[in-house]
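Just so you know, the protein sequences line up as chains W and D, in that order.
Quick note on our numbering: the first sequence kicks off at 10 and runs consecutively.
Quick note on our numbering: the second sequence kicks off at 7 and runs consecutively.
Calculated from the structure, these hints are not laboratory results.
Treat the hints with caution; some may be incorrect.
[Said to hold, decoys possible] Result set (DMTMM-like, lysine to aspartate or glutamate): computed pairs, CA atoms no more than 25 angstroms apart in a straight line:
#: 1; chain 1: D; residue 1: K104; chain 2: W; residue 2: D58
#: 2; chain 1: D; residue 1: K104; chain 2: W; residue 2: E302
#: 3; chain 1: D; residue 1: K109; chain 2: W; residue 2: E299
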Amino acid sequence: MKTLKSVDVVIVGGGWTGLLMAKELATRTSLEILALERGPSRKPSDYIDGMDEVDYGIHNKMMQSPAVLTVTHRFSGRETAVPIRQYGSFKPGTGTGGAGEHGGGNADRYLPEFFTLRSHLLEKHGKLPEDSLVADWGFNWDDIENDLWRAEQLMGISGKAGNIRGKIIEGGNVYEGWRSHEFPTPPPKKNWAGVMFFKAATELGLKPYPQPSANISTDYTNPDGISRPGCAYCGYCSGYACMIGARPQPTNVLMPILRRHSNFKIRNGAAVRRVVHKDGRAIGVTYVDEQGEEIMQPASIVILSAWTTHNVRLLLLSKIGEPYDPATNKGLVGKNLTHQVITSAKAMIMLDEPINSFMNNSGLGFRISDYDGSFGIRPSDGILRGGCFSGGSQSAALPIGSFGRIPPGATPRNWGSKWKTESARLFDHVIGGCGFRGDHLPWRQNHMDLDPTYTDIFGDPLLRMTLDWTDHEQKQFDFAERVAMQLTESLARVSGGKLHKQGGPSRQPQLASPAPRRYNASSYNTTHIQGGAIMGSSPGASVLNPWMQHWQIPNLWMLGSCGFPENSSGNPTTTILGVTYRAADALIEKYLKHPAALA
Amino acid sequence: MKENISRRDFITVPAKGVSAAVIAALGASLIEPQTAQAATPETYLKVPLRFFTAKQAALIEAACERIMPADESGPGAKDAGVVIYIDRQLAGPYGHDKYRYTKPPFVQSVPEHGYQGKENPREIYQAGFAMLGDGFVSLTPEQQDAKLESIEHSMFFQMLRTHTIEGMFCDPLHGGNIGMAGWKMIGFPGPSMTWRNEIDKHYGEAFRPPPKSLVQLVGHPVKGMEDEPV
């Protein structure tokens, strides 16, 4: 194995978190920084050629190919896992910028109690269910608010505040935690579907507010001096790289700064296999380069910033920490695996008028927080946490994915002249049932470890996910689908459309989740898999301290939502970047002065 | 399956409304030499095949036409060149399963785990040729429908149906949606640099700008992933 010259900092993974940490280090220190990125380099100027549904929407050109790396899945510890052979429920990115290059742009904050959720629920209910692994993060809202604001400024998030330093503002999210400032840019324009959804929600007495979005509404220059144009509503959004750079992506807000700093380098085509460590210190990483050569890269500080499952897998492959065993509840690596609880009303609305749904972005529309957290939840609902409802976004309006959205059974077959005629007639005339995105709490059964059978292209074991919905999530689904149906019925009244209940506009109606629902690894949920290397205030209960530093190996830091003990109704990017700012401050201001454990 | 690189199999499709750029991208030649420049309703395109033999292409084209027939709602799979799209996808990395995890052991599992089979799309189509049978092209439309109904639950048919939708509504750079026939049928305008001045101006009424393909929009050739090395 070839050993290269040591660097001060090696960063594994060139996505949002790794490159934000690199930007902070490169601009605030003179350290020599090297980022190792498995995928190709990306040029935003090429992105205009990406307005193509076949290559990007269907063949996932921005994502990591499962042929290169995937995971296995089983529902419970009693089963043998099978590999996820083609992507379904989540889609990790690849290349410089990672999944940050193809996100949908929903830029929510979590509720303030979320960072102390265990304490909050214990105070509220006196006890937690036996198998719950809900945990506190080791800091609170007041500690993180300014870092969330830094993340929102970096991205230029569009929205309307509902609570500025305790002052409640109607029209914004009145349920949110206090924020120090109004959003950097105002809410986006409304499409017709959004106008109707707003009215439908208001008529039920709910408080819809504009979905906070990274697909910015107007031209914006961030504090680093990076300028981006407002969104063009072209509709090629989630799953695609933004062709004009309206959406903040690591290649347009971080790389332009990093390229100006000679103490930063990025090496593409470098697949990291192990963190090398000895006597409680990380020595460096080994990786395979594009030519297939195995290389040792020594470093004084190692930062893991790959996607959630890859970060956790690197710990397991490198034998850092004890793997979690749900039978004994011992071990820490791999615990608190969560996804998000996603569903929608099993209904669709057919309108006489067309929606012009090709004009949109994935973060358009309105969100409703009246049932988020524990707001609006009654004891008879049987759940600890709810979530948010949304409507008005038409993120799947491209023709291949949308053709054939007709009521199941409307035609005798789902092919042939009758089906084609009805599908063509209803194209651009259908609104799906209103959507729900809920908190996913961690349970003992859901965890990650190494698969005993399946391996990657180097022969290393794949990560194995054991994940299924528990009774709590079944009740969340029931609750959410009930409220979402009320919203959808209201939307049908407001729009004058024809409501069809049962069987949403799915292209795979045979998988339309019958109760009790099982985790469906073949159908898209979100790309927000979290946990596996959680942070917390005690080394006996968490892998990382509240600054994302490894408890036992002080020169090993981990970034991203692998550190999050539970999963929120809000999408994670803002919080992920806020936590990364917090980690960068701790590393630069404390660790570099005293290179030891911070806590 | 052994490739016969000297093979010269073609499929002919109507050339109505096909731009010179698409003709060039398909490597196609015009039959009807009296029309030197623009294509006319009488002209046909002779498109070289990459995976199918001419006979297989005719078989798949006939089956796709029953999934998406030309009718009062608009043109069908044959007019849109769906079989050209499928031929190119099967010849490229997708057909060889380059986007799927293909390590053994292959085990049967529940639908929630997606397709777990060993066969790649090329092999699934090979099996499909036999399921349809050589005589399929000469059956009446009703007999063809009955045949397809009998294999409706097969992996091959599900794939063929999916690919027919893809070929009907893909960007023309992939060989299907010839003349943007599919997009015109449903009123989809294709990619655009901006709808910023339009998004809030057409509430409740149809806004139907004439479609543009990606190549027309960006003004330079764009290669699809099917052209990447296998």
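To see whether the hints hold, each was checked on the structure:
no.	hint	result
1	D/K104 - W/D58	holds, 22 angstroms
2	D/K104 - W/E302	holds, 22 angstroms
3	D/K109 - W/E299	holds, 21 angstroms
Checked against the numbered hints given earlier, the structure satisfies every one of them.
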